[in-house]
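So the chains spell out like this:
There are 2 protein chains.
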Amino acid sequence: MSAPKAVVLLSGGLDSITVLAIAKSKGYQCYTIGFDYGQKHMAELAAAEAIAQHWADAPHRVIQLDLRSIGGSALTTDTIAVPTSGVASTGIPVTYVPARNTVFLSIAMGYAEVLGARTLMIGANAVDYSGYPDCRPAFITQFEALANVATSAVDDGSQWSVIAPLMQLSKAEIIRAGIALGVDYSLTVSCYQADQQGRACGACDACRLRRAGFLEAEVPDPTRYQPGVSALT
Amino acid sequence: MSAPKAVVLLSGGLDSITVLAIAKSKGYQCYTIGFDYGQKHMAELAAAEAIAQHWADAPHRVIQLDLRSIGGSALTTDTIAVPTSGVASTGIPVTYVPARNTVFLSIAMGYAEVLGARTLMIGANAVDYSGYPDCRPAFITQFEALANVATSAVDDGSQWSVIAPLMQLSKAEIIRAGIALGVDYSLTVSCYQADQQGRACGACDACRLRRAGFLEAEVPDPTRYQPGVSALT
Chain A
315 MSAPKAVVLL SGGLDSITVL AIAKSKGYQC YTIGFDYGQK HMAELAAAEA
365 IAQHWADAPH RVIQLDLRSI GGSALTTDTI AVPTSGVAST GIPVTYVPAR
415 NTVFLSIAMG YAEVLGARTL MIGANAVDYS GYPDCRPAFI TQFEALANVA
465 TSAVDDGSQW SVIAPLMQLS KAEIIRAGIA LGVDYSLTVS CYQADQQGRA
515 CGACDACRLR RAGFLEAEVP DPTRYQPGVS ALT
Chain B
315 MSAPKAVVLL SGGLDSITVL AIAKSKGYQC YTIGFDYGQK HMAELAAAEA
365 IAQHWADAPH RVIQLDLRSI GGSALTTDTI AVPTSGVAST GIPVTYVPAR
415 NTVFLSIAMG YAEVLGARTL MIGANAVDYS GYPDCRPAFI TQFEALANVA
465 TSAVDDGSQW SVIAPLMQLS KAEIIRAGIA LGVDYSLTVS CYQADQQGRA
515 CGACDACRLR RAGFLEAEVP DPTRYQPGVS ALT
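Quick note, the sequences are listed as chains A and B, same order.
Each residue of the first sequence is one higher than the last, beginning at 315 in the working numbering.
Each residue of the second sequence is one higher than the last, beginning at 315 in the working numbering.
Don't read these hints as lab results, they were simulated from the structure.
Take the hints with a grain of salt, since some may be wrong.
Identical copies go unnamed one by one, so any copy, or any two together, can satisfy a pair.
[Unchecked claim] Using 25 Å as the maximum straight-line C-alpha spacing, the simulated SDA-like pairs for lysine to any residue come out as follows:
#	residue 1	residue 2
1	K340	A526
2	K319	D380
3	K319	R382
4	K319	S383
5	K338	S383
6	K340	P451
7	K319	A526
8	K319	D371
9	K340	G430
10	K319	M356
11	K338	S472
12	K319	G542
13	K338	Q507
14	K340	P541
15	K338	V428
16	K319	V463
Use the sequences and the hints to build the structure in full.
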């Protein structure tokens with residue numbers, strides 16, 4: 315019997331490469347999918363391509379999707395700036411892209427249905443990003459329930475699994491898990507406003523959480539920063 | 315107090331124009347959204363634009379979304395033909411686009427969140443298209459439950475309404491409801507393989523169900539057919 319197939323959401327960041335390594339370690343045939351959704355920089359798309367070549371079982375799929383037409387987020391609207399003064403402790407951050415994970419999982423679900431897969435894996439995490447509604451456990455549970463009625467599973471009796479293996483891990487724990495599986499984090503781009511070469515700003519929430527994670531995990535930070543930004547090692 | 319806002323999925327077909335007319339009759343401020351998702355013809359997009367100009371409260375939003383990269387349906391894959399020999403009575407038709415309504419509702423949910431709306435309206439119908447999993451009542455109920463945990467509603471305590479007012483109506487009942495509200499069905503395109511001018515083939519499932527609906531409703535069929543196809547009036 316061949317290995318079960320999983321569709322893995324791959325953004326090119328630290329979390330999703332770890333999810334992919336975990337999926338491989340569990341024996342899944344991994345099909346990766348990413349989105350060119352109008353984000354402010356494209357460096358993460360190039361990173362995802364390189365990561366998939368190393369880890370995935372099929373060419374990386376990139377779906378064109380214009381979330382800029384909707385706006386409402388610092389990540390998709392030029393008139394809303396990416397905050398760089400520190401991670402806010404309350405409320406939903408302006409980097410929240412309305413409905414993003416729902417849209418991404420929905421398209422991944424369609425791809426999985428075409429492949430005959432019933433497993434989706436996503437790097438949602440409730441520890442560092444608890445401000446995002448669509449990164450919490452209740453969202454994942456509810457999406458799984460939706461998948462069971464939204465697809466041919468409703469007729470063939472099969473069950474979907476939507477797995478978010480990083481949900482309860484700190485950034486440091488994610489990094490340690492990845493290192494144990496052989497992940498090379500220098501391939502990844504997390505920064506919300508990376509430059510054309512994929513170099514990080516060091517100041518946005520994603521950079522801050524990532525740097526703190528490497529520090530806490532006591533792993534040298536392999537991130538390439540923009541000139542004038544010092545790495546924490 | 316201003317009228318509540320609703321985001322209405324508008325494909326340019328017979329069902330969605332009727333939903334829009336119903337939404338207006340209920341007093342909603344209507345924001346329409348449609349998708350250029352790689353369907354085989356674009357006539358329905360032009361139809362949606364004209365319909366929104368007449369009925370909606372804001373310019374029609376068209377979201378670019380490449381579902382062709384996923385394939386798996388006669389509507390998005392050139393190698394799968396649209397069936398023209400009659401409506402199958404069992405199973406999921408090859409015109410089913412995996413995850414389509416989930417993707418469409420997800421993006422509409424994001425647009426609604428940016429607008430501050432909590433109501434989505436969709437022309438899903440379980441009578442004529444019961445073969446599509448994502449056109450059944452359980453799907454709508456489950457999507458509404460998802461919206462409540464997937465968005466800022468989870469923190470502000472508001473509740474989403476996902477309304478499918480045509481769910482239990484026959485095509486003839488839909489047409490009668492629309493006529494009573496002043497809908498001009500000559501604006502709409504339902505055919506799966508309309509030509510560049512929006513003229514219908516008369517043979518695909520969508521054409522067959524539509525023609526039978528006008529006949530049963532005893533309403534003259536205003537559909538523009540391709541040369542050689544006779545209208546039923």
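| Enumerated hints in conflict with the structure, sorted upward | 1, 7, 10, 12, 13 and 14
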